[in-house]
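S.K.: Protein sequence lines correspond, in order, to chains B and S. If you use this note's numbering, the first sequence corresponds to residues 1 to 324, in order. If you use this note's numbering, the second sequence corresponds to residues 1001 to 1321, in order.
These aren't lab readings, by the way, just hints derived from the structure by calculation. Quantities reported herein were computed from a predicted structural model and do not represent experimental measurements. C-beta: ideal position from N, C-alpha, C; glycine also. Treat the hints loosely; a few may be bogus.
[Stated by the list, open to error] Simulated DEER-style distance windows between Cβ atoms:
#1 B:28 x S:1180: 41 to 49 angstroms
#2 B:83 x S:1083: 32 to 40 angstroms
#3 S:1088 x B:71: 29 to 37 angstroms
#4 S:1213 x B:61: 30 to 38 angstroms
#5 B:219 x S:1236: 38 to 46 angstroms
#6 B:130 x S:1092: 57 to 65 angstroms
#7 B:44 x S:1082: 49 to 57 angstroms
#8 S:1175 x B:39: 50 to 58 angstroms
#9 B:103 x S:1082: 26 to 34 angstroms
#10 B:59 x S:1178: 49 to 57 angstroms
[As the list claims (entries may be wrong)] Not the full set, but computed from the structure, chain B residues with beta-carbon under 7 angstroms of chain S:
#11 140
#12 153
#13 278
[Unchecked claim] Where chain B lies over chain S, by a calculated footprint (3+ residues, C-beta under 8 angstroms):
#14 1058-1066
#15 1168-1180
#16 1185-1193
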Amino acid sequence: MRTYILKRLLQIIPTILMITFVVFVMMRSIPGDPVVALLGDAYTEENAIKARHEYGLDKPVMVQYFIWLGKLAQGDWGSSILSGRPVLKDVMLRLPVTLELIVLSMAVALAIAIPAAIIGALRQNTWADYTATSVAMIGVSIPEFFLGVLLLLVFSVGLGGMLPSSGWVYLPGTCQTVVCAAGLWGNTQHVLMPAVALGVGRAALLTRLLRASMLEVIRTEYVTTARAKGLAERPVILKHALKNALIPTVTVMGLQVGFLIGGAIVVETLFAMPGLGTFGIDAIIARDYQQVQGFALITALAFVFINLLVDLTYTFLDPRIRYA
Amino acid sequence: MTDNRKPRTVSRPIAGGSTQEAELPSSEVAWRARVEPSESPFAMGLRRLRKSTTALIGAAIVALLLLVSIFADVLAPQSPIASDQSHTFERPSRDYPFGTDQLGRDMLSRIIHGSRISLAVGVSSVLLALFVGVPFGMIAGYYGGRVDSVIMRVMDLILAFPIYLLAIILMVIFAPTAGLIGTMKVTGAIAIVRIPIYARLVRGSVLSIKEKEYIEACRAVGVRDWKILLRHVLPNCLAPIIVTTTLGIATSIIVEATLSFLGLGTQPPTPSWGWDLKANVAFIQSNPWISLFPGLAIFVTVLGFNLFGDGLRDALDPRLK
């Protein structure tokens, strides 16, 4: 097991190199460069050349990439061209926000999907099943930002501003600077709507998938055996059927990470949250190369780690799956 | 024993037939076979599709949207881009059923015209991805070996990216603009990120089809490769392609709306639902309805394609026959 995890961790390196390299080249193929935005009114041809030299932007792209990589190996993620702040520090400041959003939205998704799928599968073709599947269909079709707007309309506009429409209060202990507000209640208020907006779409998708695999699993012989030997319905469903039905669902959850990152960009933009999504989109639009690289790197890392986590979850769900 | 005298009434299973069939006199079996010729898979699919209520609702929504986008010029009561400073932020009324935005533009007309962008991008990006992805997938699956690994590694490279990250960077590279060119840029960006989905899907089907005996028979009589691929392999992997395409349009419409929402879709003044939603969220406290309608439009469109695609899947899935 340990060698397997080590091997997988080593495989991360080529993936990370590939993603960061492609992003590096793509960003530099965008017409225009950050120097224009950096200098603003002070822009002259002479100043621009000086600034480009200062940031190493006049070197060939490959050379620039290897310089970036060399610094990365020493733990230096570079500094934002526009704000001048170290990228790693900004990423670390924003990571807890996005992490909290994604973990909670996944929790929302599972909290809806598992009961809905079990009801749908056990009462197949009854009104309960039809309700569950219709709601899931609606959930799949509703974009995160529209659900977010609906939530805003109800909880921020309609119910007298019950929940705040934008901004952020940090979870106690996650704020590294002195100036930010932190508090459990404030944090809960701020994270509730974004997490639901992001989670419901996933919930719908997982419900459909889990219902289908539950339907397959409850017709297998070992479920019949479990029932025949007098086991109560609850353990039959929760311990025997659900665990096995979860395997394909977990795979899809891993594949959903890409969508979750995109969803985080949208939801964070809508609710004006200081997370990695807004960090990334701002950087891409401003062509802040170093900041984009930082975003691509953290995204790629998240992508690979979550897929590793997915593979390790299989061993828990099905002990026959072993990684030597 | 009656059984000995009338052996034909004994229902016993015969290999390859049902017990009921065994009970019938042989002539009747033959007669039945004559009047009920085996249905083609597509006729069967169509018959099953007509029975599915959800698929019909989906098809109706899609058809309605197509009509709205085709006749947008006739249906829209006003110009979608003409601003009227004396009628900004009108509440929904008889003159302005969906109200007006901060420039006094009629929201109903903007939503009617916005359907063109959503449908055009949704359908054409999927078709574009299809026309690139399907041939690549067929070649990779059919020839295997080095061709396969080169094509599929490139596809894996695209798939390794979180879809929105790639689409966003592509749109920044393409520099979003208004009008037809702007729409084509969005279409291209979405098509690129979706090519690998079709390539993988088709490759998978081709891998199993190419081992079938009828393909071997084709090769044995000397049919050329491209003819085998087009006439014998492609028709047999159409069902999953059709289903994925319909559901893919729904996804593409969401991606287009998301890009527009982030300010990277077709630029104003071209009316786009995602952009309208985003532009009006800023005024949500005082004018809640104006971001509601563009969002509803996106939702209904995506729902329509999803319902239709779901019905198609149930109708075309051979396992459900």
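S.K.: Does the nearest C-beta of chain S fall within a distance shorter than 7 angstroms of the C-beta of residue 278 of chain B?
M.R.: violated, 10 angstroms
S.K.: When you take the CB atoms of residue 1175 of chain S and residue 39 of chain B, is the distance between them in 50 to 58 angstroms?
M.R.: violated, 21 angstroms
S.K.: Measuring from the C-beta of residue 140 of chain B to each C-beta in chain S, is the shortest one below 7 angstroms?
M.R.: holds, 6 angstroms
S.K.: If you check the beta carbons of residue 1213 of chain S and residue 61 of chain B, does the distance land in 30 to 38 angstroms?
M.R.: About 52 angstroms separates the Cβ atoms of residue 1213 of chain S and residue 61 of chain B, which means 30 to 38 angstroms is violated.
S.K.: Does the Cβ distance between residue 44 of chain B and residue 1082 of chain S fall inside 49 to 57 angstroms?
M.R.: violated, 41 angstroms
S.K.: For residue 130 of chain B and residue 1092 of chain S, compare the CB-CB distance with the range 57 to 65 angstroms and indicate the outcome.
M.R.: violated, 33 angstroms
S.K.: Quick check on a hinted range of 41 to 49 angstroms for residue 28 of chain B and residue 1180 of chain S, using CB atoms only.
M.R.: violated, 28 angstroms
S.K.: Please verify that hint: residue 153 of chain B, Cβ, nearest Cβ of chain S, below 7 angstroms or not.
M.R.: Residue 153 of chain B check passes; min Cβ-Cβ to chain S is 5 angstroms, inside 7 angstroms.
S.K.: Look at the Cβ atoms of residue 219 of chain B and residue 1236 of chain S and judge whether their distance stays inside 38 to 46 angstroms.
M.R.: This hint is violated: roughly 29 angstroms between Cβ atoms.
S.K.: Three or more residues of the segment 1185-1193 of chain S near chain B by CB distance under 8 angstroms?
M.R.: Three-residue rule not met by the segment 1185-1193 of chain S, so violated; n is 0.
S.K.: Count the residues of the segment 1168-1180 of chain S whose Cβ falls closer than 8 angstroms to any Cβ of chain B, and tell me whether that reaches three.
M.R.: Contact hint for the segment 1168-1180 of chain S vs chain B: holds, 6 residues under 8 angstroms.
S.K.: Please verify the coverage claim for the segment 1058-1066 of chain S: does it have three or more residues whose C-beta sits within 8 angstroms of some C-beta in chain B?
M.R.: violated (count 0)
In summary, the numbered hints that this structure violates are 1, 3, 4, 5, 6, 7, 8, 9, 10, 13, 14 and 16.
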